[in-house]
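**Student:** Combine both chains into one complex, guided by the hints.
Listed here are the chains, written in short residue letters.
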Amino acid sequence: MAIPKVCGIETEYGILVRGGESNPVAASSVLINAYVNDRSRRVDWDFEDESPGVDARGFSYEDALAPEVESHLVNAVLTNGARYYVDHAHPEISTPECSDALQALAYDRSAEEIVRLSMALAAPLLPDGAELLLHKNNSDGKGNSYGCHENYLVARETPFGRLVSEITPHFVTRQIFCGAGKVGCEAPGYSSHEVPYQISQRADFFEEEVGLETTLKRPIVNTRDEPHCDPQKYRRLHVIVGDANMSEGATLLKLGTTSIVLSMIEDSFIGSDLALAHPVPAIRQVSHDPTLRRTLLMQSGARMSALDIQWKLFERASRYAAERGLESVGEDVGRRVLNLWEEVLRGLSDDRSSVADIVDWVAKERLLDAYSQRHGIAAGDARLRAIDLQYHDMRPGRGLAAKVGLRTFVSPEEVARGVDHAPDTTRAYFRGECLRRWPDDIVAANWDSMVFDVGRDPLRRIPMMEPLRGTKAHVGALLDASTSISDLVERLGA
Amino acid sequence: MAERVHKQKSTSDRAAEVTEESGATTAQGDKLRAELDDLLDEIDDVLEANAEDFVKSYIQKGGE
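So the sequence lines, in the order shown, correspond to chains L and P.
Count along the first sequence from 1, then add 2; that gives the number in the working numbering.
Count along the second sequence from 1, then add 245; that gives the number in the working numbering.
Fair warning: there could be bad hints in the mix.
Unchecked claim - In silico EDC-like cross-links for lysine to aspartate or glutamate, where the CA-CA straight-line distance does not exceed 16 Å:
| hint | chain 1 | residue 1 | chain 2 | residue 2 |
| --- | --- | --- | --- | --- |
| 1 | L | K405 | P | D298 |
| 2 | L | K219 | L | E209 |
| 3 | L | K405 | L | E367 |
| 4 | L | K405 | P | E280 |
| 5 | P | K306 | L | E367 |
Hints are computed from structural coordinates only; laboratory data are not their basis.
Bound conformation, chain P alone (with noise of 0.2 Å):
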């Protein structure tokens, strides 16, 4: 019996460790787009320009 107890104690804390944990996802994730976000408005300056023209003319020799 105090077993049973013990277990559901432990799976409702569980359950608010989930969701805690999905919080700390939640804004971890933010961050994550945030930050690619960022990169996202670099990229777009630094990528070729006519990117269509550029895969098209990189050619290379087999090597080795």
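Next comes chain L alone, as it looks inside the complex (with noise of 0.2 Å):
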């Protein structure tokens, strides 16, 4: 039986100080530090259980290859059960842990809206003449790359490999509806005089079929495996393959079609035969053919385009939602994935022009094609980059996406929501609502722990290893009864 697929994405978004010295860990610093400061007494995070370096395939890394964790830069907790941190050079914001692909897209939104708040809250804080500017893409077409990830919980019994294998597939197709398109090309040994317009922003990045690096030989399934709850039980598939998205129904399809997915992979329903060849070429090619006629070579010899696997995995998923329900991704939210999943592959294959209020390659690629062509421009010219950029542009009045007539699935209530209040359906209800009731007694707070000062000595740690124990429903009675944080832990009987 497929478990619920818990959800979330973090991403790094870029950022650039302009009219004043561009230092990007100083300039993440101030700009999270103005919203941390403004909105509450800061918690910090709690690094006790991180350990990037453990592999899914079973063996650990000492620190050589394990991702650097900057202890000492701003890392913060929110109200909403959110992390928003300095990683490397770019601010990144975690989404708490939702219960389906709707509920993280929702707060996707609303970590976009943090951003924005952070950037008005930061203005003041500059030198005279100098402005942050944000952009959610993940490439500054030179070659760097930084990442939005998304993270699934998975079941510890469904064998790793062949969860690998059964993946792929999606993740090198998915792109043709969840693509964020990219102006030129910066995989090597290609130019961008031949590859003028690609589907996505980071499939240039990918240069192995699995392993545990995220910011070199990227890998298209990643195995960081760093659960964040129980071990015994869970995986949290770490997926770094994906672009930032713009568009809500790109984020809604990205993460619901990803989650059914997986339930198929856990349930056996997916089979082997979709699998390529020669996967980290195809997922280039992918990419570098907007008019998705391209084939790809599959393991069995035959050859398929993105959009003839994409069809049969939405068939696949069709019947399994016929058969076995789709009570792991939600039935609601399943259903209208679905009903989403079939008119964006039906636009893509008759008239893709007719999905551009979902797919941001779509919209971005029609616009540059009327910008081009009203100003009699080619491509290479540095407007079309700019268009590029500020597709993804995060300043009011100045990013693209707002103004191209994307649809949205979020109502504007349920994003300002989610900026200060975590969702009720999750664990990251507990963490939200400690840290909102109760700021000055939390110490440290984490995925899957939070320590509290309950006014004598010792600290109580209390876990919370059960993605879904912790929720409204379960503790929402006992902390309105609570009084104090030591009457909290009294309760919990910790």
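**Tutor:** Next up, the structure:
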């Protein structure tokens, strides 16, 4: 039985100071501190259980290959259950754990709102004439990439090797509806002359099929085995292959289709016949072909286009929904995702301009083409690259994505509520509500525990190893009844 | 024979539909183009004044 697909998104934003010294680490700190200091007493992240060097294939690396954790940099936990921090040279927000794709979309939009609020709060702290620019994108067009990662709860009992081989066809081809579009090419051995426009921001940077790295030799399937929950029962599949989306529909599809495919893998429903012969070249080949016509060599020797593979996955998902139901991804959200999946594949098959309100790379391409026509400019013109960047611009009034008529799936009220309030339906509720109610008594927090100062030694660590415990239904009444942190700890029986 | 008549009829029906559809497509296409034109007028105000400098200065460190 597929387990609930608890999920979340971590987004690193591009950051630039214009008219001042552009130190991205300092700028990210100013940005995040401005927000955290304004919002409440700052509660720091707790690194106790972080082990990003542990590999899902069953071995553990020493420090050499483990992603660097810069614990001296600002790293805070927010009342909505999110983590807001400086990662390398970028500000990053990890959404709280969400119980389905639609909720995760709402929290990704709330994260954008937090970035905009941070920009406004940081502006007066900058030197005269300086301006902070943030972009929700994944590449500077010069070979430097930064990520938008997804996380999904999967059953530990599902063999990891099978998970890798069965999810890879989806990771290679889902970009046809969740690629964010990019002017030019950064893959070694290709020129922007050969590839003036491509589907994905990220595809150029993938060099391996499977591995632990995230910053070089990036793999299509990342093996970081850091579940942040009960490791006997669960894995957290850490997905680094996606683009950051501006379109709500694209984010919903990215999370929703992946959740369904993972559930199908857990239920042994997907089979191995969609395996690609050469996934790494294939991911670039798909990205470099906006006509969607080229075919990929399958392990079976057959050839299929990315669209063919997605149609097959969609058909299987529909059959899975009919035969097994979609409880693991939420019945309603799952049906909605299936409908949108079909709509977008049909649009991409027949007339892709019909899905320009869902698919970022199509919306961006349409804008670039129209602009080129009007001004009579050719590929390679800097203005096209500027439009590409400004599609992802976070400044209110300057971001082009907000002007191209993208369809919305969450209300402004939901987005606003998610800035300060955690989801009711996961353990993020416990984390967020404790922070909102008793910020002065919380020493530190992380994904799977919180450390409380109950007013007398020692400090108390409350573990939260089950992502779907600590919800409003579980602890809402308990929190309401508690008069203080020590009272809460007593009531928890800890 | 009756079948053939039916087929012919449906073919001509289809032809009529196609004509109608392409008319609708043209109207829809005009509308989309008009919207895009409005957007392009606005983009010129919103777009970075010196695209070349902006694009050159946009340098990020790799992340993750």
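**Student:** Evaluate each hint against the coordinates.
**Tutor:** Here is what the structure says about each hint:
no. : hint             : verdict
1   : L:K405 to P:D298 : violated (24 Å)
2   : L:K219 to L:E209 : holds (5 Å)
3   : L:K405 to L:E367 : holds (14 Å)
4   : L:K405 to P:E280 : holds (10 Å)
5   : P:K306 to L:E367 : violated (26 Å)
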